[in-house]
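Protein chains: 2
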Amino acid sequence: MYRTHNCGELRAADINKTVTLCGWVQKVRNLGGMTFVDLRDRYGITQLVFNTETNAELCEKARKLGREFVIQAIGVVTERSSKNKDIPTGDIEITVQELNILNKSEIPPFTIEDNTDGGEDLLMKYRYLDIRRRPIIKGLQLRNKMSFEVRRYLDGHSFMEVETPMLIKSTPEGARDYVVPSRIHHGEFYALPQSPQQYKQLLMVAGIDRYYQIVKCFRDEDLRADRQPEFTQIDCEMSFVEQEDVLQVFEGLAKHLFKEIKGIDMNYQFPRMVWKDAMEQYGSDKPDIRFGMKIHNITDKVKNHGFKVFDDAEYVCAIAVGGCANYSRKQLDEITEWVKRPQVGAKGLVYIKYNEDNTIKSSVDKFYSPEELTEIAKFSGAGTGDLVLILCGKKLPVLNQMGVLRIEMGNRLGLRDKNIFAPLWVVDFPLFEWDEATQRFYAMHHPFTSPKKEDYDILETNPGEARANAYDLVINGIEIGGGSIRIHDSALQVRMFKLLGFTEEKAQAQFSCLINAFKYGAPPHGGLAFGLDRWAALLNGSDSIKDVIAFPKNNAARDIMIDAPSKISDEQLDELSLIIKPLTDK
Amino acid sequence: MYRTHNCGELRAADINKTVTLCGWVQKVRNLGGMTFVDLRDRYGITQLVFNTETNAELCEKARKLGREFVIQAIGVVTERSSKNKDIPTGDIEITVQELNILNKSEIPPFTIEDNTDGGEDLLMKYRYLDIRRRPIIKGLQLRNKMSFEVRRYLDGHSFMEVETPMLIKSTPEGARDYVVPSRIHHGEFYALPQSPQQYKQLLMVAGIDRYYQIVKCFRDEDLRADRQPEFTQIDCEMSFVEQEDVLQVFEGLAKHLFKEIKGIDMNYQFPRMVWKDAMEQYGSDKPDIRFGMKIHNITDKVKNHGFKVFDDAEYVCAIAVGGCANYSRKQLDEITEWVKRPQVGAKGLVYIKYNEDNTIKSSVDKFYSPEELTEIAKFSGAGTGDLVLILCGKKLPVLNQMGVLRIEMGNRLGLRDKNIFAPLWVVDFPLFEWDEATQRFYAMHHPFTSPKKEDYDILETNPGEARANAYDLVINGIEIGGGSIRIHDSALQVRMFKLLGFTEEKAQAQFSCLINAFKYGAPPHGGLAFGLDRWAALLNGSDSIKDVIAFPKNNAARDIMIDAPSKISDEQLDELSLIIKPLTDK
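So the protein lines, in turn, are chains C and Z.
For the first sequence, the working numbering begins at 4 and goes up steadily by one.
For the second sequence, the working numbering begins at 4 and goes up steadily by one.
One or more of the hints may lead you astray.
Put simply, identical chains are the same to the list, so a pair is met inside one copy or across any two.
[As the list claims (entries may be wrong)] Each computed DSSO-like pair below joins lysine-lysine, with the alpha-carbon atoms no more than 30 Å apart:
hint, residue 1, residue 2
1, Lys-456, Lys-64
2, Lys-584, Lys-64
3, Lys-343, Lys-304
4, Lys-67, Lys-456
5, Lys-64, Lys-522
Keep in mind that the hints were calculated from the coordinates and are not lab data.
Excised from the complex, chain C in its bound form (with noise of 0.2 Å):
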């Protein structure tokens, strides 16, 4: 071993030890006839310190150390005469008797610190220096710790973790799959999985009851920011149980999961809102609630006053926004374009400012009395010096328009602080969506999800309206993850196909696995999956992904680091029998 200790672990106990420390050299300064050299590790910094009366040769040798030189210092745990409490070596400091350099180092591409001069370019082409720096190895350590308590919680709750294969079968629905040319079987290709789905209701039917894999998934999405192309999910399936049972399981899970990586206790049972009240008081299926400013429908209360566009809505909705009756003409003008950029997609904004001195102003003052105006503010949940600002549209898009303004608001009032965590379960998502394109119902979730029973009456009548046993996790207006309780009664399963137009061949080519597995004896069963690059990024306060994971792929889904995709050699082609067709061609 090169080393005795770590850069992260010694202190005043320690003092007079005589210890061997080896690192990166992150500074080196000079005072007077002293040198005091940073040395750094993933566990911390230590301070190593030359003194050029006592050896002036050795502290030459310190002097001459460029940054991130990898060295070996031995020397003796000293009493520092000026202590440093920001760091939790900062009461001792190395002094050196001993100091070898094991590699040098050209100077990096850019600093490692905290705050780096590097553009995004550069520090993911040097991946390798980017990790030295002290936020990301957080990130990476945090994402450690959070798989290995994952297990932890899991595996004392009887969950066996068990891994389905990379190399499966490509089906045609859902999103795209990455597909790896077979090259014994001519013409063939495998597919990398969008998520082991199959697999896990499959191990159901096998018996193992309760089933978890932390486990990559791939999925060949056109570019969209903070998307990886390989990305991984807690994957998890539970027989012999009911929605309540999952919720109860997993909520213990995210409790776990706060306690060891944030030290917060969470003694309350998770508060849950069904999709409905979701969508219509926050404008999401993932709502954040940290904050209030719950959307109002309004659409009553300000029809037939003469004001054509709310008389032609579908829906007319109103947040109140916490003492900002005070905005000025040029703040509500800049609100009212910001909705309005295609990314929001309204038509407009309308405002009443409920001020101070209960004065009322709004900019359809024209049609509203100012008792009017004032019942409106109220019922939106607006007191005196706050703002409502009022959207109005078709039902489903303008409560989404609100729900992003609402977020937008939060932001700008500080309502979202990254330190707080405010976990909620959305559940009785809706089992249907309709697709206008194709006039048709879609499975929201999976064909395999079982619908509510209490709505078993109103599937062929009613399918719009009918609700899934399916549940999403949601923290801070992030969904962390999602499951349903799945359908194990052929009768029902046969049912759920015919809604939702399968024929039973086109049935038996997507699903003919696990259609026949059922015919022997399938449990009660259902799960959830979470996305682990997400829930990590949340705990470590990052706003991407990429802060916690190792080596991201670009928004090109490219690895700039070690040049991936890349084109192979023309004899790989031959073996796997492909030509690549011309762009040309195309």
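With chain C's structure known, arrange chain Z on it following the hints.
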């Protein structure tokens, strides 16, 4: 929850409790007025009892249960009149009060018993039923426990699990990559990792000190028994260590696993053997040291006695097979034929019978006196009653043949008890491997493997004798894993590339990322990787790794359960700009 207990946990202490169990019907037996149902889940079997006198209707219902029906039974834990000592729940049975059929089952294609009547293809096609069988579920449980304990041990030793990417860059040398066409980047491909070797070394440059990962790896190899296209590695790397440190840490891991999985305390240091001794004494770089039967070099003793075969041979070696002097002519002929099979490849076999009565009998009586033969026998380790088997030829091939024969004789004599575990470190592997075809040296491990310091001087002058800081962990003749200390000194690395005939361009083309990374302060580092499938199979007493893989592929790399690989749609091919070359064009 559909149940209060599982089928493996009720004991005499639970008598009189009312419980609810769920599971699969293993067996229904009618004895007079009583009906007994064996209810099975992954935890065990519990006996349900129905009495036609107390509840005829319920009993009738139970009698109609089919094999593998999924049921829920509510009843009272009762003491059995005739206890079953073979199962942990054998003291009790459940007197059932309510029986619910949760799902029916068709008659399974094979019996769900420890010894099933299903052939291998049928078992693989219905793997989800195969897994219900105790031997398979036990294998998966062992694997799960092993993975968990690996993590627990390494986490306790400051190792961080870091996920490395699955979509990486293809490198032309080495085994064949599986590749993944990119849709966005025309004509480019990702590769699936054969191992995270480059990434783990980059993590050392990044300062992650102690890394591990239990990770899927991929190799597109030609068909071979008991190989899987995807397999799982326990991949590890450490910084600031020498070979001894790596061996200590991972010997600790091995001991931890033997203790936790098999309850075996290994309170001794694992023996170590240099590669040269392993080859000369066991004819293998992975000796099974559960038994002796060492190989002895008798070249000098047998030459110049007029026996042309030996006189012409480069190397003559022998093993002494205990207690087999009484082998018949027929038995010896059979062994001779066995070693002449192409799989072994020997030209012939010479024997010496050192009989109980001190007489000697050999197939080469003509050329050697009984005294000479006795001396050879004794030198080969034989005593009276033993049989000496002799092979000759070129040194390395004949040692390999003798190694295979030694294992075969060990098997025949029952010397390879599955319940005995004999771990061994094989160290000092050669740095280079000579390739006859291309008349040059190749790196035996990989080009970053460091030579032993003592051999720096002979790298250019006598490369064939140079040894590496490389090591394998071998248990019972199976290579469980191996690794090396890497080169971190760039001057030495340049020297190695030169020796291996890499031009600078070629080195850059294959390893540019790692070579560049090494410029910025690479720490001394080394590591290893274990084959999880193989180690789990070994601990499970399995001959095939398929016993510890939930959904293995067959020997043609096909998943016959889910039918992969398979054709993909023309749209998919088109999006990927791929054309499949017809077979006839090849």
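Verification of the supplied hints:
In the homo-oligomer, the alpha carbons of Lys-456 and Lys-64 lie at most 30 Å apart only across protomers (26 Å), although the nearest pairing inside one protomer, at 78 Å, exceeds that limit. In this assembly of identical chains, the alpha carbons of Lys-584 and Lys-64 never lie at most 30 Å apart, being 60 Å within a copy and 64 Å across copies at closest. Only within a single protomer do Lys-343 and Lys-304 lie at most 30 Å apart by alpha-carbon distance; the minimum there is 24 Å, versus 97 Å between protomers. With identical chains, the CA atoms of Lys-67 and Lys-456 are at most 30 Å apart between copies only, with a shortest distance of 28 Å across copies and 76 Å within one.
Taking identical chains as interchangeable, the C-alpha atoms of Lys-64 and Lys-522 lie at most 30 Å apart only when they sit on different chains, with a minimum of 20 Å there against 76 Å within one chain.
Of the hints listed earlier, the one the structure fails to meet is number 2.
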